Amino acid sequence: MIDIKILREDLEGIREGLAKKKFECDLDRLLELDKQRREAVALAEEKRAAQKAANQAMAKLPKGSDEFQAKLKEMKVLAGEVKELESASKEVNEQWKSVLLTIPNVPHESVPVGKNETDNQQIDTWGDVDALVSEHAVAHYDIPWFEQKIDFPRGVKVTGAGFPFYVGDMARLVRALIQFFLNEAAAGGYEEVLAPLVVNEASATATGQLPDKEGQMYSDQNENLYLIPTAEVPVTNFFRDEILEEKELPVNRCAYTPCFRREAGSWGKEVRGLNRLHQFDKVELVKWVHPEKSYEELEGLRKDAESLLQKLELPYRVLLICSGDIGFPHAKQYDLEVWAGGQKRWLEVSSCSNFTDFQARRANIRFRPQGGKPEVVHTLNGSALAIPRVLAAILENNLQEDGRVRVPKVLQPLYGGEFIG
RNA sequence: GGAGGGGUGGCAGAGUGGCCGAAUGCGCCGGUCUUGAAAACCGGAGUGCCGCAAGGUACCGUGGGUUCGAAUCCCACCCCCUCCGCCA
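Its first residue numbered 1, the first sequence is counted upward by one per residue in this note's numbering.
Be a bit skeptical, because a hint or two may be false.
[Claimed, not checked] Simulated crosslink set (EDC-like; lysine to aspartate or glutamate; CA at most 20 Å straight-line): (1) Lys35 <-> Glu84; (2) Lys63 <-> Glu74; (3) Lys5 <-> Glu39; (4) Lys20 <-> Asp3; (5) Lys115 <-> Glu16; (6) Lys247 <-> Glu191.
[Claimed, not checked] Okay, the calculated beta carbon distance ranges per label pair: (7) Trp126 <-> Gln370: 39 to 47 Å; (8) Val193 <-> Leu61: 57 to 65 Å; (9) Gln51 <-> Asn93: 44 to 52 Å.
Just so you know, the hints here were simulated from the structure itself, not pulled from any lab data. Owing to the predicted nature of the structure, the values given are computational and were not obtained by experimental measurement. Positions of the beta carbon are idealized from the N, C-alpha and C atoms, including for glycine.
When you get a sec, could you build the whole thing from the sequences and use the hints?
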C-alpha cells in the first residue's frame with residue numbers, strides 16, 4: 001500500500017502518478033477517511049485517558065465505601081462514552097484500511113505513459129530472429145509427436161483444460177530446465193528455497209493478489225487458502241512482520257514452484273498448446289533491498305533473467321511496460337519476450353518488477369538502519385524463467401528438418417542427450 | 001481424528017482483577033575499571049498510532065465478551081507440545 005503520510009503531503013503528486021495507471025481508486029475518499037480517522041482516534045484516546053486517571057484514583061478508595069459507590073456511578077457513565085468513541089474510531093479505521101488496500105502503487109517517473117500493451121516500449125533485443133526463419137518451422141503444437149510428449153487430452157480427462165502431462169524425455173527436459181535455472185540462480189547469489197504452494201489470506205493480501213484478484217487464484221474455501229499463482233507470494237511473505245538488519249540487505253532468493261492460475265475469461269485461440277496453462281512451472285527470483293538501491297537492483301535482476309535466454313540461445317526482446325499495462329503493485333516492470341519461430345510470435349517468459357515499498361508496507365517487512373527507527377524495505381521479483389513458453393520457443397526454434405528438436409547445449413548434460421523427438 | 005497441557009519483551013521465565021508496558025536471569029548497546037580483554041559495577045534499550053511538541057494511547061497468540069477497571073475471568077478461533085489413533 002501507499003504511504004499515507006506522503007499522500008497527506010502531496011495529494012496532487014500521487015493523483016497524477018496514479019492517473020497514468022488504469023486502476024480505479026478514490027483518493028479523495030481515502031483522504032476524507034484519513035481525516036475522520038485521526039479525529040476519531042484523538043477523541044477516543046482523550047476520553048480513555050480520563051477514564052484511566054479516574055480509575056487509578058478509584059483504586060485507592062476503600063471498596064464499598066460511600067465514596068467508592070458514588071464514584072462508581074460516575075465511572076459507569078464514562079465507561080459507556082469510552083466504549084462508544086472507541087467503536088466509532090475502530091469502524092472508521094477499518095474503512096480507511098480497506099480503501100487504502102485498493103490504491104495501487106505509483107509508477108516510477110521512468111515508466112512511459114500509455115494506455116495498454118501497445119504502448120509498451122521495446123528497449124532492447126538479443127539474438128537474430130531472421131536466422132531462425134525456415135520453411136519447415138511450425139508452431140510447437142503442430143509438431144507431429146507433440147501430443148505424445150505433452151499430453152493435453154489426458155490432462156483434460158484427469159483434471160481439465162490447461163493441465164497437461166509431460167511424458168518421457170519431455171518430462172526430463174522440463175526437469176533439466178528447472179535444474180538449469182536453479183543452478184544459474186544459485187551461481188548468481190540467490191539462495192534457494194522450496195516454498196509452500198498454498199498460502200493464507202494474509203499472504204495473498206500482502207503481495208497484492210487480494211483483495212481484488214480472487215479470479216486469478218484457485219482457492220480452498222473450507223480453509224481460506226489459496227494455490228499460489230507465483231512463488232512471489234510465499235517467498236516474499238517469508239519475512240512478513242519481521243525487521244531485518246540493514247547489513248543483511250540485499251537478501252536474494254530463488255525458488256522453483258509450480259504456479260496455478262485460473263485465467264478466468266482469458267481462454268481463446270491465442271493460448272493453444274503451451275502458450276497459456278492453468279498449471280505451469282517457474283523459477284522465481286526475489287529480492288529484499290535497501291530503498292535507495294531498488295532501481296539499481298531491478299536492472300541487475302533483469303540482466304540475471306536475460307542471461308538465461310542468452311545461454312539457451314533464444315532470441316528475445318526487452319519491453320519496458322507502460323503505465324497502462326503495468327500491474328497493481330508494480331512501480332516499474334520489464335518483460336522479457338522470447339521469439340517463437342513457428343508461431344512467429346513473441347512469448348512473455350519473464351516479468352521483472354520493482355514493487356518499491358508497496359508490498360513491504362502491506363507485508364510489514366522492515367529493516368533497521370544503523371541505530372535508527374525501522375524503515376520499510378523494497379521488494380523486487382522476476383521470473384527466471386517461466387518454463388512452458390521457454391519450452392515452446394525451444395521446440396519451435398530448434399526444430400530440424402528431420403523432425404527432431406535440438407536441445408540447447410547448456411541443457412544437454414542435465415537432460416542427458418542432444419535431441420528430443 | 002480423540003484426550004490432556006500450553007502460547008507473556010531477542011531468549012528463558014514470573015505474574016490469577018486496580019500498585020503491570022509488565023519482576024528476575026541471560027543476551028544486546030553505552031560507560032567505569034584494565035596495558036588489552038574477561039569479571040565486577042553503573043546506565044540504556046520494544047513496536048504501532050495520534051500530536052508541532054510536551055505528552056497521550058494501543059499492543060501479554062487472534063477476535064469478541066464480562067467489569068468502573070483485564071496479561072489475569074468468560075466464549076470462539078489459530079498455533080505449539082505430550083499421549084493415543086491414522087498415515088508418506
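| message | So, against the hints stated earlier in the document, which numbers end up violated here? | response | Hint check: 9 fails alone, others pass.
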